[in-house]
Every structure is written in structure tokens, then in C-alpha cells.
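Let's have the full structure, built from the sequences with the hints guiding it.
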Amino acid sequence: MKFRTEIIQDKSDMLIQHDQPVITIGSCFADNIAAKLNYHRFKLLSNPFGVLYNPASIYNSLKLVNESETFPEEELFEFNGRWHSFYHHSVFSGIDRKKVLDNINSKLNETREFLKTCRFIIITLGSSYYFKHKNSGQIVSNCHKMPAREFSMEKLSVEEIFNYCDLITQIVSGLNPGCSFIFSVSPIRYLKFGFTGNQQSKAALILGLEKLLQKNKQCAYFPAYEIMIDDLRDYRFYDTGLVQPNQQAVDYIWEKFCENYLSEECKKAMYDIEKLNKAREHRPFNPDTEEYQSFVKTQVDYILNLETRYPYLDLEKDKEFFMTQKK
Numbered sequence: 001m002k003f004r005t006e007i008i009q010d011k012s013d014m015l016i017q018h019d020q021p022v023i024t025i026g027s028c029f030a031d032n033i034a035a036k037l038n039y040h041r042f043k044l045l046s047n048p049f050g051v052l053y054n055p056a057s058i059y060n061s062l063k064l065v066n067e068s069e070t071f072p073e074e075e076l077f078e079f080n081g082r083w084h085s086f087y088h089h090s091v092f093s094g095i096d097r098k099k100v101l102d103n104i105n106s107k108l109n110e111t112r113e114f115l116k117t118c119r120f121i122i123i124t125l126g127s128s129y130y131f132k133h134k135n136s137g138q139i140v141s142n143c144h145k146m147p148a149r150e151f152s153m154e155k156l157s158v159e160e161i162f163n164y165c166d167l168i169t170q171i172v173s174g175l176n177p178g179c180s181f182i183f184s185v186s187p188i189r190y191l192k193f194g195f196t197g198n199q200q201s202k203a204a205l206i207l208g209l210e211k212l213l214q215k216n217k218q219c220a221y222f223p224a225y226e227i228m229i230d231d232l233r234d235y236r237f238y239d240t241g242l243v244q245p246n247q248q249a250v251d252y253i254w255e256k257f258c259e260n261y262l263s264e265e266c267k268k269a270m271y272d273i274e275k276l277n278k279a280r281e282h283r284p285f286n287p288d289t290e291e292y293q294s295f296v297k298t299q300v301d302y303i304l305n306l307e308t309r310y311p312y313l314d315l316e317k318d319k320e321f322f323m324t325q326k327k
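Here our numbering is used: position 277 in the sequence shown is 277, and no number is missing along the way.
Bear in mind the hints are in silico, worked out from the structure with no lab data behind them.
Take these hints with a grain of salt, some might be off.
Simulated restraints, written as ranges between beta carbons of each label pair [claimed, not checked]:
(1) Gln-247 - Ala-203: 49 to 55 Å
(2) Glu-281 - Glu-113: 28 to 34 Å
(3) Tyr-292 - Lys-2: 46 to 52 Å
What you are looking at is a predicted structure, and each value in this text was computed from that prediction instead of being measured.
The beta-carbon is built from N, C-alpha and C at its ideal position, and this holds for glycine as well.
Below, the structure written as C-alpha cells:
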């Protein structure tokens, strides 16, 4: 007897290798995927503008990367003693205007250069709802806890979602024609729009992406939302707030992603890196013992072996971690 419906995808033609730079952009779930990629030593740039929930905000941010050498200083504004940008998440905000601007410009330049060499961009769309600043008419990436009366909440149509996503691919392809796109809809439910509103929002995103995939063969779709809702389909896979997937669910969705989008050589390297990560988590009672020093030497030798087998891996920080513990 079957007690669940498992989502099984055909192996994608777009297979990620460790030596191919990857960018993740979008909702909180983009950060979840980025954490997994970072853990396994991929060349990665994660959410360079901070968390972005809707296609319009993602487009506006990438348009800025493409068209502006530096961030327009006049776009910064002060609220509650901190400087903010409507293009960025509040992680970029701060009390020192110059430091905020320097940080934004540094990340802007890093993103532009990374886009020129990246092989894959993973875009996770969270919602088709967005907030517009009434005075400026700007679609904002973050309201920065300003009064709600200063914003209107609106919803992108399927056609607008398609258009924004299509423009996103055009910007990236203009900088890097060899880049491939993996789109996904976030498994996080945004219930502030209501249960029906959340479903309508997710459905619009899925329909917009369906249209995009029909047009652009460099785009693929990973069903993260569908895996959460139709495969796992149980509150035991949500965190205590009952809207976000818990770690077990994130791990399961990541496994599905690996099955579809990672090469076999890549998965072998990840298995070996897993051993290295577990070794790094080991905490000795006494680091001066001969036994622990032997363990440290074994790990340094293991890293040197990995560097020979996978010369494209950057394991310098791992090597430094163990070398500093040698007596």
C-alpha cells in the first residue's frame, strides 16, 4: 500500500559541478539552499541584496547591477536613526551612511563580476504580492518597519510575473550568455495574505514560470513548493510557526535537488566533504594529547588528498583550521 505521493523528476540536463560558480537569489528558502551549497564548498554568491520575495524586486536589483556602476546615493534614506535602501534587505541598513553605501557598492561590484562567470543562477520566488511606496511609486524589497500607511500592497498578474522573470534572464544572459537558470517557488507559506491569498500567489508564480520555461530552454523548474505541499504534506515537517519547513524538510528537499541537478562526480566530492565537516565538528577534551594531534595530522593529510582528487575545491580555510591546532 502507498501512503504518500512522492514527487519524482527526470534527471535534468543541467548538472551542477563544483567548479561552476552558483548564485542563489530570492526568498528565505534561497538562503536554505545556499547554506547547503556553502557547506559542501561550492563557489557561491548568496542573496547579494538580501532576501527578496517577488520577481519585481529581483528584477529591479539585477537591473541595478547591470546599469549602475555605483549605487545612487540619493536612494538612501534615513528612518529611526538608520540608513536604508528600498532595493535591499535590512541587513544592509546601518547608522553610518557612508558605511552603508560602501557596503552596498562593494556587494554591487562583487555581484556584477560574479554574474559574468557564474554557470548557474538559482532563483526562488516567494510571493506574487509586493509593496509599493506611495510617495515614490517604487516597488520595495523591504519596508524597513516604516508605517504601513506609507505603502500599498499589490499583486503581480501571471503575465507580469512572466515578463519580470523573462527580463531577469535577459539581464543575466546579457552579462553571461552561458548561464543557466533554475527557478523554484518557495515552500514557505505566507499566511499574512490569508490561506486563499497564499495559494493564489503561489499559483500565479507557477503559471508565470510555466510560460517562461516554454520560451527559454536555458531555464529549468525545481518543484520545492510542490514537494512540501504534496509529497511531505504533514505538519511534522514544519517548524513551530507552522509556515516554514523545518530542518528535516529542508534536508529532504535538498536531497531531491541533488538527485536532479548535481553530477555524480559532484555527489562523490560532497560525500568526502561531509567527512571533513564532521571532523571539523569534533571538539577534544584536551587538544594537547598525542591522540588528538594524530587526529589533526590525519585530517591535514586527508585535505591534501582531497585537493589532489578535486583540484577545483577551495579547502584553504579547512587546512588553516587544522593547521592552527597543530602543536
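Right, here's what the structure says about each hint:
The hint said 49 to 55 Å for the Cβ distance between Gln-247 and Ala-203, and at roughly 27 Å that hint is violated. Between Glu-281 and Glu-113 the C-beta distance comes to about 33 Å, which sits within the given range of 28 to 34 Å. Range check, Tyr-292 to Lys-2: Cβ separation about 49 Å, and the 46 to 52 Å hint holds.
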